[in-house]
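A.B. asks: So the chains spell out like this:
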Amino acid sequence: MSQTNDTPAMLAINNLECSRGDRTLFRQLSYSINAGQCLHIVGANGSGKTTLLRSVAGLVYSPKGKIQWQGENIQSNPSYQSTMIYLGHSEGLKNELTSVENLEFYSCLDGHSDQSHVDGDLAQMGILECADLTANKLSFGQRRRLAFARLLHSKAKLWILDEPFTGIDDAGRALIETICVEHLDAQGMILLTNHRTLSQSRLAPSLAVLDLMDFQSSLDHS
Amino acid sequence: MSQTNDTPAMLAINNLECSRGDRTLFRQLSYSINAGQCLHIVGANGSGKTTLLRSVAGLVYSPKGKIQWQGENIQSNPSYQSTMIYLGHSEGLKNELTSVENLEFYSCLDGHSDQSHVDGDLAQMGILECADLTANKLSFGQRRRLAFARLLHSKAKLWILDEPFTGIDDAGRALIETICVEHLDAQGMILLTNHRTLSQSRLAPSLAVLDLMDFQSSLDHS
Amino acid sequence: MNLINAFFSSIWGFLNRSFHRLGSPREFFKISNYATPIFGLLFTVLTGYGAYLGLFVAPADYQQGDSYRIIFVHVPSAWLSLFIYMVMATASAIGLIWRMKMAFVVAICSAPIGAAFTFLALVTGSLWGAPIWGTWWEWDARLTSELILLFVYWGIMAVYYAFDERQTAERAMALLAIVGVVIVPIIHYSVEWWSSLHQGATVFRDGGPAMPASMLTPLLLMALGFTFFYGYVLFLRARNMVLDQERKSRWVRELVKSSRATGEAQ
Amino acid sequence: MAQNTFYLFARREWQLLFRNTSALVQPLCFFIIIALMFPLSLPAENELLTRIGGGVIWVSAVLATLLGLESMFRSDYHDGALEQWLISPRSLPLAMLGKVFAHWSCTGLLLALFAPLLCMTFRIPPDQIWVLFLGLMLGTPSLSLIGAIGAALTVTLHRGGVLLAIIILPLFIPILIFGAGMVTQQAIGGSTASQLYALAAILVLALTLSPFAIAAALRTTIN
Amino acid sequence: MAQNTFYLFARREWQLLFRNTSALVQPLCFFIIIALMFPLSLPAENELLTRIGGGVIWVSAVLATLLGLESMFRSDYHDGALEQWLISPRSLPLAMLGKVFAHWSCTGLLLALFAPLLCMTFRIPPDQIWVLFLGLMLGTPSLSLIGAIGAALTVTLHRGGVLLAIIILPLFIPILIFGAGMVTQQAIGGSTASQLYALAAILVLALTLSPFAIAAALRTTIN
Ligand code: HEM
Ligand SMILES: Nc1ncnc2c1ncn2[C@@H]1O[C@H](COP(=O)(O)OP(=O)(O)OP(=O)(O)O)[C@@H](O)[C@H]1O
Ligand SMILES: Nc1ncnc2c1ncn2[C@@H]1O[C@H](COP(=O)(O)OP(=O)(O)OP(=O)(O)O)[C@@H](O)[C@H]1O
Ligand SMILES: [Mg+2]
Ligand SMILES: [Mg+2]
Numbered sequence: 351m352s353q354t355n356d357t358p359a360m361l362a363i364n365n366l367e368c369s370r371g372d373r374t375l376f377r378q379l380s381y382s383i384n385a386g387q388c389l390h391i392v393g394a395n396g397s398g399k400t401t402l403l404r405s406v407a408g409l410v411y412s413p414k415g416k417i418q419w420q421g422e423n424i425q426s427n428p429s430y431q432s433t434m435i436y437l438g439h440s441e442g443l444k445n446e447l448t449s450v451e452n453l454e455f456y457s458c459l460d461g462h463s464d465q466s467h468v469d470g471d472l473a474q475m476g477i478l479e480c481a482d483l484t485a486n487k488l489s490f491g492q493r494r495r496l497a498f499a500r501l502l503h504s505k506a507k508l509w510i511l512d513e514p515f516t517g518i519d520d521a522g523r524a525l526i527e528t529i530c531v532e533h534l535d536a537q538g539m540i541l542l543t544n545h546r547t548l549s550q551s552r553l554a555p556s557l558a559v560l561d562l563m564d565f566q567s568s569l570d571h572s
Numbered sequence: 351m352s353q354t355n356d357t358p359a360m361l362a363i364n365n366l367e368c369s370r371g372d373r374t375l376f377r378q379l380s381y382s383i384n385a386g387q388c389l390h391i392v393g394a395n396g397s398g399k400t401t402l403l404r405s406v407a408g409l410v411y412s413p414k415g416k417i418q419w420q421g422e423n424i425q426s427n428p429s430y431q432s433t434m435i436y437l438g439h440s441e442g443l444k445n446e447l448t449s450v451e452n453l454e455f456y457s458c459l460d461g462h463s464d465q466s467h468v469d470g471d472l473a474q475m476g477i478l479e480c481a482d483l484t485a486n487k488l489s490f491g492q493r494r495r496l497a498f499a500r501l502l503h504s505k506a507k508l509w510i511l512d513e514p515f516t517g518i519d520d521a522g523r524a525l526i527e528t529i530c531v532e533h534l535d536a537q538g539m540i541l542l543t544n545h546r547t548l549s550q551s552r553l554a555p556s557l558a559v560l561d562l563m564d565f566q567s568s569l570d571h572s
Numbered sequence: 004m005n006l007i008n009a010f011f012s013s014i015w016g017f018l019n020r021s022f023h024r025l026g027s028p029r030e031f032f033k034i035s036n037y038a039t040p041i042f043g044l045l046f047t048v049l050t051g052y053g054a055y056l057g058l059f060v061a062p063a064d065y066q067q068g069d070s071y072r073i074i075f076v077h078v079p080s081a082w083l084s085l086f087i088y089m090v091m092a093t094a095s096a097i098g099l100i101w102r103m104k105m106a107f108v109v110a111i112c113s114a115p116i117g118a119a120f121t122f123l124a125l126v127t128g129s130l131w132g133a134p135i136w137g138t139w140w141e142w143d144a145r146l147t148s149e150l151i152l153l154f155v156y157w158g159i160m161a162v163y164y165a166f167d168e169r170q171t172a173e174r175a176m177a178l179l180a181i182v183g184v185v186i187v188p189i190i191h192y193s194v195e196w197w198s199s200l201h202q203g204a205t206v207f208r209d210g211g212p213a214m215p216a217s218m219l220t221p222l223l224l225m226a227l228g229f230t231f232f233y234g235y236v237l238f239l240r241a242r243n244m245v246l247d248q249e250r251k252s253r254w255v256r257e258l259v260k261s262s263r264a265t266g267e268a269q
Numbered sequence: 002m003a004q005n006t007f008y009l010f011a012r013r014e015w016q017l018l019f020r021n022t023s024a025l026v027q028p029l030c031f032f033i034i035i036a037l038m039f040p041l042s043l044p045a046e047n048e049l050l051t052r053i054g055g056g057v058i059w060v061s062a063v064l065a066t067l068l069g070l071e072s073m074f075r076s077d078y079h080d081g082a083l084e085q086w087l088i089s090p091r092s093l094p095l096a097m098l099g100k101v102f103a104h105w106s107c108t109g110l111l112l113a114l115f116a117p118l119l120c121m122t123f124r125i126p127p128d129q130i131w132v133l134f135l136g137l138m139l140g141t142p143s144l145s146l147i148g149a150i151g152a153a154l155t156v157t158l159h160r161g162g163v164l165l166a167i168i169i170l171p172l173f174i175p176i177l178i179f180g181a182g183m184v185t186q187q188a189i190g191g192s193t194a195s196q197l198y199a200l201a202a203i204l205v206l207a208l209t210l211s212p213f214a215i216a217a218a219l220r221t222t223i224n
Numbered sequence: 002m003a004q005n006t007f008y009l010f011a012r013r014e015w016q017l018l019f020r021n022t023s024a025l026v027q028p029l030c031f032f033i034i035i036a037l038m039f040p041l042s043l044p045a046e047n048e049l050l051t052r053i054g055g056g057v058i059w060v061s062a063v064l065a066t067l068l069g070l071e072s073m074f075r076s077d078y079h080d081g082a083l084e085q086w087l088i089s090p091r092s093l094p095l096a097m098l099g100k101v102f103a104h105w106s107c108t109g110l111l112l113a114l115f116a117p118l119l120c121m122t123f124r125i126p127p128d129q130i131w132v133l134f135l136g137l138m139l140g141t142p143s144l145s146l147i148g149a150i151g152a153a154l155t156v157t158l159h160r161g162g163v164l165l166a167i168i169i170l171p172l173f174i175p176i177l178i179f180g181a182g183m184v185t186q187q188a189i190g191g192s193t194a195s196q197l198y199a200l201a202a203i204l205v206l207a208l209t210l211s212p213f214a215i216a217a218a219l220r221t222t223i224n
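The listed protein sequences correspond, in order, to chains A, B, C, D and E.
Going by our numbering, the first residue of the first sequence is number 351, and it counts up by one from there.
Going by our numbering, the first residue of the second sequence is number 351, and it counts up by one from there.
Going by our numbering, the first residue of the third sequence is number 4, and it counts up by one from there.
Going by our numbering, the first residue of the fourth sequence is number 2, and it counts up by one from there.
Going by our numbering, the first residue of the fifth sequence is number 2, and it counts up by one from there.
Because the hints were derived from the structure by calculation, they are not lab data.
Computed from a prediction, not measured in an experiment: that's the story for all the values here.
Don't take each hint at face value.
As the list claims (entries may be wrong) - DSS-like mimics (lysine-lysine), calculated; alpha carbons at most 30 Å apart, straight line:
1) B/K487 - A/K414
2) A/K487 - B/K414
3) B/K416 - B/K505
4) C/K33 - C/K260
5) B/K487 - A/K487
6) C/K104 - C/K33
7) C/K104 - C/K260
8) B/K416 - C/K251
9) A/K487 - C/K104
10) C/K104 - C/K251
11) B/K487 - C/K104
12) C/K251 - A/K487
13) A/K416 - A/K487
14) B/K414 - C/K260
15) C/K251 - B/K487
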């Protein structure tokens, strides 16, 4: 893993080990990400990608290893939390609220005092026609798009995206890629998983790949 | 749509129209599928693919149009229900039961009197190591694989699969394609959606594509 | 023999046809154009005459004086609260079995009216009970089961408004209405099954009504009048609902257009 | 295959219930706690408790059943299992009968078996305890069967639990009246036969009709 | 921003509650129905009802609160909203206080306001009604606050509802004893001050501590 040691990395994972039940998923995982980088985590089903992302988001705590943001531990660190967004398989949308209301809530939660951008965001994600439908009526892909609309005006530096392209059609995929590229250009960071290679995508230039396999092989040695 | 009118189609969709709320999703959709065919339904997010599949599965009832299986309406038609399997986004797995128990239940439900094949099925889907984990501990991809294990010994002729490849890694995708091809070779039928084209996949030879766009354009004329 | 057969089959045919005509929202709307004012008129005449007879002509009760006159409101509204429930349950069953849209409309439009009559029966009953029994509320079988009927009505309305897909809402409501029908015999027979404060069957009982004709006539007139009132309000509500449900259909659009045109002409 | 369907669903439900043994005794605990709340919140007089004890136990049984009903179909709805039952060729009413039976065996049956013990702490005389037990054995299956209709109707709704209570409690009330009435009758030395027959009639009705109503309700709400 | 968090979460909860207006009156209906079950299941004597009325209303209030608690965090857990709150920079205790406040305003507050009417049908004398009302106003917020801790602890569990009831009801019992005790005291002409102070003390404690307990419980159970 090529790391330049002179500039302090924004996000540093140090010797992380994650276990679930009796099973150790990966061990001695170290990696750091700098501004403008996109890290693509690959691995077979059940290899621990989601667990890694959730650890970095602070949702799973593992006693072994360290995850640091600008030199500070991420656990209950508000300055980290306010600069990080995690989007996983469950989108955190309330079925009873409309698309607009859902997005407005997250916009408030992310600290925007003004919600006028919400309609524009929905339009940009191509779901303006569903603005007043409650979320349980949305199609699978429309839900995913709604969840991603939150990224459009976020001030977060670090995006953690678990399989962002599931259920999204080709147009949507291009859209999300564009949004990600813009974020990276603005010195943002992305951590994502995807089962297909991204080397053909627009993200390729700033892409780094981390294969969880590499940290499982060490399991056999020990 | 090229249809040979002399052999009666196994599954015939006739002038189907589906609406949700005030919106008509598609109209005058007619299509028939014969043994050994795989129909790939394409369309943008929210165009109504899932609704179409659920209609064919008998979960959504639309008063306009007809869906027939071997000349009989599919509504509460046990002989149809016993030859059809629908796998959607929610897998129907009980979080509190282990993989084996979940699979055994569905095997019983599908009418198998003997459950000895269950372990082999799990092994074939590459999730034997999770056999005794309760389903809530499985990773996203492992859940999907478990749901697909049900297909391995099913006697159903018609498989209705909504985005079967979501969350599944490359090895799993190859596996599922193989299973599908075998099913088609045994004169089975498949109805599926997928956001990526399948023309490169092993399913290509028996593939037909139905674009929902074609049945939306007619909406503007009326 | 043939004649009788022909007679019955023509009656059956007529019923069948009118059933189907009523089943179509458009036909219903046409019929209701005439029926609504007729029902309204009958309601006014019958209730007016009944009230006149009841309040001014019928003699005062030798025990209760004039306070008994509340019977002319209490009994009809109590009867109607049960009658409307039966109508609602029947309509629900028809809707579920024959997938008939209008039946659901009738059922769901009946619910608030039925609830209102139940409420009226409760209020008039307790107003009447205050002087007669010396208490305005008692936890007795008839009174309590009538209160439960009010909750069943509310539950049915709550279920209808809890779903936002109309088809689902209608069918769910209909199912509940059918299940809830057990409450009706319980209310009706409660006075016999449990010893109750409330008096037993007075009008429809073996051996004829235990009531002088001077009281019975206004009572029956009022009951008939209330029934027409129910029909009147039902038609009004159902018309609104049908228009709303069919707002996208051609005949409603034409209706709107033509009424606009006449509005402009005037 | 028909008998199988009943057994298949009952077994699955038992599997789920026995998975965490604490879930198994929960309705029972709940029943006891509710019943015990009354002695705590009433003026302390022995004779009062003996008089109202039967009623309190019946109310607690109804509430305990109600609390268990809420979750009856909810998780099956959320994880898509319900859909699978709907489109399976198995008879849905029979399947639901199996499910309700398993459910009852871990709530109503347990409550009924335990109620006599509770009665003793309220110092209810043995003849009344016997009547109460009989009433609960006849009444609780109807509660589960009727309640399942409500659970099926509200399964797709947010905050369905409270709506469930509102639509179902009025239907429970006749059973409650007959069941508690039996105890009161016994206490004053009257005949309990009419209430007993009424409870039995309700049970027969519920057993034959409610499986179909549950199935119809599920077919209505899932689409 | 701090005040905002409270308001943000309270408003969201209200939005959800007001979405279907029937959900709003449901806890109230439930309260009434429970309270109604008693007169139906007890021997018919006027004086009996007047004596136990206060206790019955308190028990009903506790149960109505309990039923509403079950769904408090459940849907937020299933749709992933809870995760998002946990990793947001907002103060979680404050957010939870907002949520509980909105929840209480549509359950406990409504119940307390409605209880006097119910009391009248039980023929409870006005001075006792007043005491009961005061007790409910002080007691129900504590019920909601303490109950939310239990709801947070059991949110990830299948059939959590019943477990919730079991771990929370014992904690509710002190409140119930003081609240119902106040009414009994008033009935026999005693002083109600000590119970009043106890309820107030519990409320202050619950207000200051339980938001942190709720937040801690959520952090523990979600991972
Ligand atoms: C809140 C209190 C009351 C309620 C809820 C109530 C309810 C009812 C109901 C539901 C019926 C219709 C029964 C049926 O058709 O099967 C009815 C009928 C009747 N009620 Fe009441 N009632 C109340 C108080 C009273 C009082 C105080 C009186 C007078 C003493 C009274 C006199 C009658 C009479 C004479 C009938 C007609 C009986 C018949 O022939 O069916 N009710 N009431
Ligand atoms: N009540 C309603 N009113 C209007 N539109 C509705 C309503 N309910 C659902 N819809 C719309 O119906 C469509 C349902 O689409 P469906 O789930 O079949 O799409 P899909 O083709 O499977 O999409 P995806 O690719 O995202 O899975 C969505 O566009 C949704 O917005
Ligand atoms: N209690 C447990 N005991 C043993 N293994 C467990 C336990 N809980 C979870 N696991 C395993 O931990 C892994 C979790 O994987 P995770 O969800 O991170 O996978 P993933 O790489 O995201 O997979 P996918 O590609 O399917 O999303 C799974 O393999 C699961 O089987
Ligand atoms: Mg994953
Ligand atoms: Mg879809």
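A.B. asks: So, for every hint listed, does it hold in this structure?
C.D. replies: The hints, checked one at a time:
Restraint check for B/K487 and A/K414: the C-alpha separation of about 21 Å stays at or below 30 Å, so the hint holds. Taking the CA atoms of A/K487 and B/K414, the gap is about 21 Å. The hint holds against a cut of 30 Å. With a CA separation close to 25 Å, the supplied pair B/K416 and B/K505 stays within the 30 Å bound. Annotation: proposed proximity of C/K33 to C/K260 holds, straight-line Cα distance about 16 Å (limit 30 Å).
Distance hint between B/K487 and A/K487 is fulfilled; the C-alpha atoms sit about 28 Å from each other, no more than 30 Å. A C-alpha spacing of about 16 Å is found between C/K104 and C/K33, which places the hinted pair at or below 30 Å, so the restraint holds. In summary, the hint linking C/K104 to C/K260 is supported, as the alpha carbons are separated by about 25 Å, within the 30 Å threshold. The hinted pair formed by B/K416 and C/K251 meets the criterion: a straight-line CA distance of about 23 Å does not exceed 30 Å.
At roughly 24 Å between alpha-carbon atoms, A/K487 and C/K104 fall within 30 Å of each other, so this suggested pair holds. In summary, the hint linking C/K104 to C/K251 is supported, as the alpha carbons are separated by about 16 Å, within the 30 Å threshold. Taken as a hint, the B/K487 and C/K104 pair is broken in the structure, with Cα atoms around 46 Å apart against an allowance of 30 Å. Under the criterion of a C-alpha separation no larger than 30 Å, the hint pairing C/K251 with A/K487 is consistent with the structure, at around 21 Å.
Between A/K416 and A/K487, the direct Cα distance comes to roughly 41 Å. Violation of the 30 Å bound is thereby established for this hinted pair. Distance hint between B/K414 and C/K260 is fulfilled; the C-alpha atoms sit about 27 Å from each other, no more than 30 Å. At most 30 Å may separate the alpha-carbon atoms for a hinted pair to count; C/K251 and B/K487 exceed this at roughly 49 Å.
Checked against the numbered hints listed earlier, the structure breaks hints 11, 13 and 15; every other hint is satisfied.
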